[in-house]
Amino acid sequence: MSVRNTVIGFMMFVSVVAIVAIGYGSYRILVPATLENVRHDDPWKNTPPEPQHTDHSDLIQGVFTDGPSVTRECLRCHGNAAREVMKTVHWKWKGDPVHIPGKPNLPPVEIGKKNLINNFCIGIEPNLGGCTICHAGYGWFDDNFNFKDESLVDCLVCHDNTGTYGKSDGGLPTPGVDLTAVAKGVGPSKRANCGWCHFNGGGGDAVKHGDLDQTLINPAQRIDMHMGKQGFECITCHRTEHHLIKGRAMSVSVDHKNSISCTDCHNEKPHASERLNAHTFSVACQTCHIPEFAVGEPTKVDWDWSQAGQDLPITDHHVYMKIKGRFIYKKDVVPTYRWHNGMAKRYLAGDKIDPNGITKINEPLGSIHDPNSKITPFKVHRAKQPYD
2 MSVRNTVIGF
12 MMFVSVVAIV
22 AIGYGSYRIL
32 VPATLENVRH
42 DDPWKNTPPE
52 PQHTDHSDLI
62 QGVFTDGPSV
72 TRECLRCHGN
82 AAREVMKTVH
92 WKWKGDPVHI
102 PGKPNLPPVE
112 IGKKNLINNF
122 CIGIEPNLGG
132 CTICHAGYGW
142 FDDNFNFKDE
152 SLVDCLVCHD
162 NTGTYGKSDG
172 GLPTPGVDLT
182 AVAKGVGPSK
192 RANCGWCHFN
202 GGGGDAVKHG
212 DLDQTLINPA
222 QRIDMHMGKQ
232 GFECITCHRT
242 EHHLIKGRAM
252 SVSVDHKNSI
262 SCTDCHNEKP
272 HASERLNAHT
282 FSVACQTCHI
292 PEFAVGEPTK
302 VDWDWSQAGQ
312 DLPITDHHVY
322 MKIKGRFIYK
332 KDVVPTYRWH
342 NGMAKRYLAG
352 DKIDPNGITK
362 INEPLGSIHD
372 PNSKITPFKV
382 HRAKQPYD
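Residue numbers (the working numbering): 2 to 389.
Keep in mind that the hints were calculated from the coordinates and are not lab data.
Heads up, some of the hints might be wrong.
Label pairs and their calculated CB-CB ranges [to be verified]: (1) 350 <-> 64: 41 to 49 Å; (2) 116 <-> 303: 19 to 27 Å; (3) 310 <-> 59: 51 to 59 Å; (4) 110 <-> 47: 33 to 41 Å; (5) 369 <-> 218: 37 to 45 Å; (6) 312 <-> 368: 43 to 51 Å.
For lysine-lysine, the following DSS-like pairs were computed, each having C-alpha atoms within a straight-line distance of at most 25 Å [claimed, not checked]: (7) 93 <-> 247; (8) 325 <-> 115; (9) 46 <-> 247; (10) 258 <-> 104; (11) 104 <-> 346; (12) 361 <-> 325.
Think of the CB as a built atom: it goes at the ideal place given N, C-alpha and C, for glycine as much as any other residue.
Could you build all of it, start to finish, from the sequences and the hints given here?
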């Protein structure tokens, strides 16, 4: 086994909320309005109503000792729910077949967290049970997991409103959790539900995305305008129909299908100044509105696996871990800017690399000469990791 020199991964930011990583809402090409057809920006007109809550405390029957028994109880009334979840990337961990830019001879392939290489923990295979703590199901430890068993869908991870639910290896409920109390306390998804997985992407708070962390559970306005000032939930912008949640992560996709955009609520010319509005032709909203990321917590920007295995007198896990190597974290980071048209190249397992060069895992596509491109901010994560 050898060590790859450098692997670079890109993550894009959108200002649907003040600071949100692409993994949970991606950039979409904005169609500029003509100067003669500028309408008043009234985002509240396009903001979805809050989901209605039904108290389940008297509706849930029985005592539950495992996750599947809770799901079967949910399905008594919500008969289609599990089948809907099973059609989503939260269940499959891969999307619909897609053409990979730059690979014209490759037929459409399904890609996602399930089969892609990244430059954090590299992939899910070496530690499947640990990675699937964040799977919306119960018991995915190996290839024997039954993706067709409706009772294995985890309803609670997205709908627990008690704040007491958690997941352990393979996606099983945390030992000791009162599943009956949690089942009786379900409701619409809150920030903490989404954050159980998304705040901890990469194995810890704020590690991977740079702008998703525990501060978003109850954020100040300076952390997030929409959540901190307006009280938005994640699903306010990541709108959901039949359990299909809008949003696109460039870390696991190559296009902007099913993405969200500032213009889902705001119009294409939101400013009172036409000088500012003229910039929307070529500058993404988030470029101006997200001047820094990792404002609440520091985020990992570099991971050197080649340093693993040493007995060093370092106790700070943000700096070094014997089993993982050396890290660099940064806070209040100025993004990297690239022209971007919503598409990206993608390294696939098996692609040949130059061991003496830099391998770009997911390079954004676009240029100043591309009319669909805009200047867009990204988090860049660099790593030195094993290859064979």
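A quick look at each hint next to the structure:
no.	hint	result
1	350 <-> 64: 41 to 49 Å	45 Å, holds
2	116 <-> 303: 19 to 27 Å	25 Å, holds
3	310 <-> 59: 51 to 59 Å	56 Å, holds
4	110 <-> 47: 33 to 41 Å	35 Å, holds
5	369 <-> 218: 37 to 45 Å	40 Å, holds
6	312 <-> 368: 43 to 51 Å	48 Å, holds
7	93 <-> 247	16 Å, holds
8	325 <-> 115	21 Å, holds
9	46 <-> 247	19 Å, holds
10	258 <-> 104	19 Å, holds
11	104 <-> 346	9 Å, holds
12	361 <-> 325	21 Å, holds
Hint compliance for this structure: every hint is met.
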